[in-house]
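Put the complex together from the two separate chains, hints included.
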Amino acid sequence: MAEGTAKPLPPKRSEFERALPPLGAVGDVARPLSAFERLTSLASARRIFLLLLLAAAWQAYGAWLANPLVFPPFSAVLDALWDSILNRNLLWRAWTSIVVLAKGYVIGVVLALVITALAVSTRVGSDLLSTLTAMFNPLPAIALLPIALLWFGLGETSLVFVLVHSVLWPLALNTHAGFTAVSETLRMAGRNYGLSGVRYVVLILIPAAFPSILAGLKIAWAFAWRTLIAAELVFGVSSRSGGLGWFIFENRNELNIPEVFAGLVMVILIGLAMEGVVFRAIEARTVRLWGMQR
Amino acid sequence: MTPLLDVAGVTLQYKTPEHLVTATYRVDFQVFPSERFVLLGPSGCGKSSLLKAVGGFLTPVEGEIRLSGQGVERPGPDRMMVFQEFDQLPPWKTVKENVMFPLTASGKMRGREAEERARAYIAKVGLERFADVHPHMLSGGMKQRVAIARALAMEPAILLMDEPFAALDALTRRKMQEELLLLWEEARFTVLFVTHSIEEAIIVGSRILVLSPHPGRVKAELDADKFDHRAVGGEDFQRLQSRIHDMLFADRVESHG
Ligand SMILES: Nc1ncnc2c1ncn2[C@@H]1O[C@H](COP(=O)(O)OP(=O)(O)OP(=O)(O)O)[C@@H](O)[C@H]1O
Ligand SMILES: [Mg+2]
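Heads up: the sequence lines are chains A and B, in that order. If you count by the working numbering, then the first sequence holds residues 1 to 294, one letter each, in order. If you count by the working numbering, then the second sequence holds residues 1001 to 1257, one letter each, in order.
Calculated from the structure, these hints are not laboratory results. The structure displayed is predicted, hence computed values, not measured ones. Some clues are possibly wrong.
Some chain A residues well away from chain B (every beta-carbon gap over 10 Å; in silico) [said to hold, decoys possible]: (1) Arg18; (2) Pro21; (3) Leu69; (4) Ile85; (5) Gly194; (6) Gly291.
Stretches of chain B that chain A covers, calculated by requiring three or more beta carbons in the stretch to come under 8 Å of a beta carbon on chain A [claimed, not checked]: (7) 1134-1144; (8) 1215-1226.
Reference listing, derived: stretches of chain B covered by chain A, where coverage requires no fewer than 3 residues with Cβ under 8 Å from a Cβ of chain A [to be verified]: (9) 1083-1089; (10) 1115-1121.
Built from N, CA and C at the ideal position, the CB exists for glycine as well.
Just chain B, same shape as in the assembly (with noise of 0.2 Å):
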């Protein structure tokens, strides 16, 4: 089987006025068809730019990122990215319009189909009733909910989501997480899931990327596809938990002794 995305050497930096800033040192992963693939690591190791790499907002000083055998160069609709924050809604279109948004500013549908395609990942979603809402009258997971429905809406080869959930309430954020495995159980796509909570990481990931603290680099891989809400508090689930926890807190001994 061939990866559908292929992370090779991927090393990224910024150039801000006075320092070089390197996010992450070559970084080597890949992920295949269906996959919930996880980055994991402390804040500000690098998840964030990875993300944005893959998704084509930021050039590689080295190494290389292909999707399907492209290399990638620019952001693109079969990349859609879900953000952490929740203005990430065009405030000025309804949540139908949001959704259709992407179909039709990429040419990928027009009037009706487009629109029809947007009521059916709403309805997937559990928003019918505020189709023809404007998102500043949506709670947050709402907002993310409209963001989850617009980015499947598109079926992109790959979903990259960061964080999505972080902002929102740990009640929220667990349903959400339980509808996106639903989600996922319908439609089975690819996703790029980033996340700062190991729990979370083992709930949504099928595989784990740990990465070290700054610059991130690639500290193990680890599968994950057996645990669901259903196995948190397992002993099974507890051992990994602990085995990443133990990973990310050794670096920091490392780092400060």
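Next up, chain A with everything else stripped away, as it sits in the complex (with noise of 0.2 Å):
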């Protein structure tokens, strides 16, 4: 008993029961987050944050490189996307530009959704959308340009047509592995409410497998966005009214490298906005709100 190497045991203490305090003031009382608290918790506006940053930094390498036909500063860019805007019509061939991409994007989100929900619900189906994936997903979209302008010569519908392929692969593939991955006791509660057909797909899959499909709409339209722009470049001329590939081409022949450079900010704007405002809240209103995403 007496030895020092035994362990010592649990003391003893004494037992006690309370009667519980009133909840009161614990339960629900919040206290309301300081400006800067839900200034820093926005992601929003770390991220702002973070490209004004990198905008100082770009500014203080174009004045030391002192180049403006290589690298112009930030503040000339920001003038010449000022003055594009006002006297270059900028606005305009972004707009074309997203109205071609829109186009694509709608046709080759439907066609996607198509096809996988037809790959569900058959083996021949499945093992179809598996091997075209598996083809066309590593083909760069653009690549089909050429025979695009053959088969459908300059204008828009060839644009489409290769925006079409650059959604639908990426999509199709994502959506898929997302209907796969619904859990059987979610099927099994669908079909046991007498769903069938379309109408299991519409309400049962489709938003069971939704944070896969939002994914693959995010991807898709990174894919799209990049096509497009490429083929602008490429072959801008095809469609007359130009959108904002041309634009860049364009200034890049008048040696305008500034207007180059505004091109590009208003191509990567566009790019933020998409994924910042557009996908963002459709997040908040769907995956985030099922708490099927965090």
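The following block contains the structure:
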């Protein structure tokens, strides 16, 4: 007993029971966060801050390099951007690109959903889908442009055709992965309600796979935007009105380097807006609200 | 009296790439209206498979399942399932929408009518305050309550419950068993209930079908109508409990000896 090596036993302590204190202030009262706390917890505020830092670095480097033909400072680009918006119809150019993009995107999304819906209902469809995505997904959509031009001529149709390709395969791949990952219990619950066919896909599979579908939509958007700008750069003449890519190409030929950068900034801004505003809003109203994604 | 559910000589099999697994072999039982019929047996004896077959998710290779005289062919809203898993509630719908979902999806009700029905059943399981909350913000017990409300709101011919309380802690499980019995007192629905807990079977069930280990065959059908939570620990209760225990245990000895 008196051995020094023996491990100690837990101490004996008196028991107690107590009447619970009234809940009062514990549960409900929440302290509103201070303005600074709220600002730093806002992801958008943090991102804007980062963007400002990047812009400052750009400005500093551009000023140090002092060669506006190669790398104009940020302020010159901002000037050019403002000037292009006022005098060179930059916004209209951007809009032209966006309209073409929207057409290709919508067609691609609808096709992807239809194809994947078919693929989940039959074995052959599923095999076909995996073969097709394996074939076309690694193929840069832009590589189809020469053929598209051959088939549809110079014009919007060719661009839309290429865009559809850039949207269809990555989205179909993601959607299909999402469909196959829907839990067996949820599937049985849906069929238990008597749902089948299209209604089953629309009411159960699509919402249940929405996190994957949304990821696919984002990837598809990025692919499509890239493809479109590239297509306009290379074959910009094809669409007579000329989108953003054509704007960049034109100005490079005229050695308006700040305008070239302004065009690039516009491409990036639209990308950021899509990601930070549109997709973020969709996420907040769907997968985050549903607790399917943090 | 005619049985509501008639399961006659049902053999269920699964085909896997390597094996043909027989889950149950020639199982017979009949469920009458307002019975609380329990399928009890060791893990893997095919209880879930039987329930899925009644639900129409699995077609028997032999035998027949009839509900009110009609052969069961496919899943349908006249047999509402409550699963063990918490993810049975579509996460994109609020509690109220979840309860309304089968009502509207099956075309049984629409709009306001469905909403009122949903509210009434949500109140029955005590979740009024959570009607507009999404399932991910509920505890496991609350999710099971929603699943039960969703199934009851359909007022199905028969309620199919697959170990609905198995994933809950002991206290919550007991509370849910009591609540289920109270709801039954009120509505006297017919329920086919799967469990592998002898105690739960005796408390919840009015009749217990004891199945043998895999592949499940009928071992006995017992009456347990007079037992509820107040009977736990009583002499009769314990006698029945050990009788069932011996049945399940004897089988284990046999199959190994
Ligand atoms: N999808 C499946 N594919 C192949 N075999 C299966 C499948 N589901 C179940 N089985 C087999 O069928 C038998 C019965 O399974 P079942 O799930 O019905 O048992 P259970 O009685 O519900 O068990 P538990 O109490 O553990 O849930 C088991 O041997 C199991 O391996
Ligand atoms: Mg089971």
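Evaluation of the provided hints:
1. Arg18: Given a closest Cβ separation of 21 Å, the condition holds.
2. Pro21: 23 Å, holds
3. Leu69: 54 Å, holds
4. Ile85: Non-interface label stands for A:Ile85: nearest chain B Cβ at 41 Å, farther than 10 Å.
5. Gly194: 5 Å, violated
6. Gly291: Violated, since 3 Å does not exceed 10 Å.
7. 1134-1144: Satisfied; 4 residues make the cut.
8. 1215-1226: violated (count 0)
9. 1083-1089: Holds, because 5 residues of the segment 1083-1089 of chain B bring their Cβ atoms closer than 8 Å to Cβ atoms of chain A.
10. 1115-1121: violated (count 0)
In summary, the numbered hints that this structure violates are 5, 6, 8 and 10.
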